[in-house]
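Q: Below, each chain spelled out in residue letters.
Protein chains: 2
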Amino acid sequence: MGRYENKFKTFLDEKRKIVDKKLLQALKNRKPGSLYEPGYYIIEGGGKRLRPLLLLLAVKAAGGKLNTAYNAAAAVELLHNFTLVHDDIMDNADKRRNILTIHKKYDTSTAILTGDSLLSVAYEYLLKDCNGNAKKIMGAFTKSLVEVCEGQSLDKEFELREAVTIGEYIMMIRKKTASMMEMCCTTGALIGGGDEQIVKGLANFGKNIGIAFQIQDDLLDITGNENDVGKFIGGDLVEGKKTFLFLKAMEISKGTDKDKLLEVIKNKGIKPGEIQGYKDLYQKLNVLEAAENEIKHYTNLALKSIKKLKNEKYREFFALLADSLIKRRK
Amino acid sequence: MGRYENKFKTFLDEKRKIVDKKLLQALKNRKPGSLYEPGYYIIEGGGKRLRPLLLLLAVKAAGGKLNTAYNAAAAVELLHNFTLVHDDIMDNADKRRNILTIHKKYDTSTAILTGDSLLSVAYEYLLKDCNGNAKKIMGAFTKSLVEVCEGQSLDKEFELREAVTIGEYIMMIRKKTASMMEMCCTTGALIGGGDEQIVKGLANFGKNIGIAFQIQDDLLDITGNENDVGKFIGGDLVEGKKTFLFLKAMEISKGTDKDKLLEVIKNKGIKPGEIQGYKDLYQKLNVLEAAENEIKHYTNLALKSIKKLKNEKYREFFALLADSLIKRRK
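First to last, the sequence lines map onto chains R and W.
Residue numbers for the first sequence follow the working numbering, beginning at 16 and rising by one.
Residue numbers for the second sequence follow the working numbering, beginning at 16 and rising by one.
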């Protein structure tokens, strides 16, 4: 893999800059300021830009040209930020990427409307790169929007339900997180002019890497560093979220350990002071290791689905991306 | 006009039923229930279905077939309901169409997500009727979504601003209300296969009738009956909204009358007990008549823009629709 590492890094750095510029242009000085300034603020706050990069990699892997896809790349990041802004209201989150969330910096009405407008501009930008295949591309984008809403609703529903299986959890994150990554790959492959096999292979890569990504996110809520992650560590436990870690712990624990976990469900979360105790319990039950194995499992599925990709360079780029996601600290 | 009245009434009644059925089908028994049941509840709550009917009339006026457009008709009503659900949170409204708003019946998180999902299903349904012209139709729909967000933001901004001109107000309602009606006509005309002149003429009808519609809405907030309108009468004054009536009153009042209006701005609204006093002031200043004249002005512009429509029957249907909107009590 070594020979592509520097090229991959350069690709990410260069394309991230172009995407950032496009994103800021999409919102800067747009009127009315009362609508677009909060959106600009959240986009300017940064982020990994993972979804646009996935889309652009898929364009290249399918044999297309990047300059036909930068608007679509901006669109998927705008869609992602729409979900963040609305989710942060629902989760009552104070911070995101180390800065105040929109509903905290402004108010809930502003945050609702900012989310809506980010979504509207997402569709506007996606349309700019729909040439000849608008129905397919808009269909993939819309399917992922539908599933993101369904996934978020299941996530909230699971917080209130007593019993959730790991199977149900995987189905939920497939919709809430993986669906959008799958769509990024599908959209990139379609814009790039890929045939059915390429589109399907890349879509499967996106879906499986998305599931791995979300379990990694659950893990970082426990093992991460607040400054790296950009938000409060242990927040999932405080919110009583049924993460992979929590459900795995429920599955294998007994006696007083299980009672301690049932307390989280009963009280719909824990106090910040109790986080360390639950971290220790997770360690004892080896659920962090179980999560790492699950992440590896889905990452391997992702890699398997691009094995037939003829373009060696971009096949390796995808493999390097998968590797970097496993190792990420934020 | 007389010869078409019964036919027009039959058209509305028949098509409204088909649209209602399509709308309920779009959300009924869809999983997860936690997401789609609140959406079903708000759609089942009824409504005039004005936007789908506008779209279907435009399909026929352009020479198209209705059975190619019922999904799109459902889509514009879903888009409309998305805006209502989110606006009701922002306006802190308790009731809509005589039933509890979603954020009152459930909670704010549910209402945010229900709005988002209604929008996602709107795009899903619109796509079903995009055949060969997806980019144009999706473009018109998305432009109207962008403008609805901009209009809503301006509306909220005007509540906080001291001075708003009637010109600014018209620009705001053009975006907040008229843009979607314009889009319904554009989309219908495109699906119906209309040429550029027909699309443009119908779009102008939608835009102007939309402006007239919103001023009529402002008027009904004062002259309406709570049971007819389905929400609290005088709510715009209580909320301190800068409606056409309020801005016209500001424009022509002097002395103590003006002071009384300035109080509304200063206090960002009035108490429910003060509504009658402001109703009397509006009467005294003749602003209700001024609003009626403005409604007639935009209705005439709407009628003028469809004069060249060759299909006499549907030209008369549009005229009857315009007439019914002027006379509406809800």
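Derived by calculation from the structure, the hints in this document are not laboratory data.
Wrong hints could be hidden among the right ones.
No copy is singled out in the list; a pair is fine if it fits within one copy or between any two copies.
Straight-line alpha carbon distances no greater than 27 Å define the calculated DSS-like cross-link-like pairs of lysine-lysine that follow [as the list claims (entries may be wrong)]: (1) Lys215 x Lys269; (2) Lys281 x Lys80; (3) Lys36 x Lys275; (4) Lys43 x Lys151; (5) Lys143 x Lys294; (6) Lys75 x Lys246; (7) Lys30 x Lys283; (8) Lys322 x Lys269; (9) Lys46 x Lys281; (10) Lys286 x Lys215.
Q: Which holds for Lys75 with Lys246 at a C-alpha limit of 27 Å: within a copy, between copies, both or neither?
A: Neither. Shortest intra-copy (34 Å) and inter-copy (54 Å) distances fail the 27 Å Cα cut-off.
Q: Tell me, please, which holds for Lys281 and Lys80 at an alpha-carbon limit of 27 Å: within, between, both or neither?
A: neither (53 Å within a copy, 57 Å between copies)
Q: Are the CA atoms of Lys36 and Lys275 at most 27 Å apart within a copy, between copies, both, or neither?
A: So Lys36 and Lys275 fail the 27 Å test inside a copy (48 Å) and across (49 Å) alike.
Q: Are the CA atoms of Lys322 and Lys269 at most 27 Å apart within a copy, between copies, both, or neither?
A: Neither, since 42 Å and 78 Å both go past 27 Å.
Q: Given identical chains, is Lys286 near Lys215, meaning Cα to Cα at most 27 Å, within a copy, between copies, both, or neither?
A: neither (45 Å within a copy, 60 Å between copies)
Q: Regarding Lys43 and Lys151, is the shortest C-alpha distance of 27 Å or less found within a copy, between copies, in both, or in neither?
A: between (30 Å within a copy, 26 Å between copies)
Q: Give the relationship of Lys215 and Lys269 under a CA distance limit of 27 Å: within one copy only, between copies only, both, or neither.
A: neither (42 Å within a copy, 70 Å between copies)
Q: Is it within, between, both, or neither for Lys30 and Lys283, if the alpha carbons may be no more than 27 Å apart?
A: Answer is neither; intra-copy 42 Å and inter-copy 47 Å both fail.
Q: Is it within, between, both or neither when you check Lys46 against Lys281 at 27 Å Cα-Cα?
A: For Lys46 and Lys281, only the inter-copy Cα distance (26 Å) is at most 27 Å; the intra-copy one is 47 Å.
Q: Have a look at Lys143 and Lys294 and pick one of within, between, both or neither, based on CA distance no larger than 27 Å.
A: neither (47 Å within a copy, 49 Å between copies)
Violated hints, in rising order: 1, 2, 3, 5, 6, 7, 8 and 10; the structure is consistent with all others.
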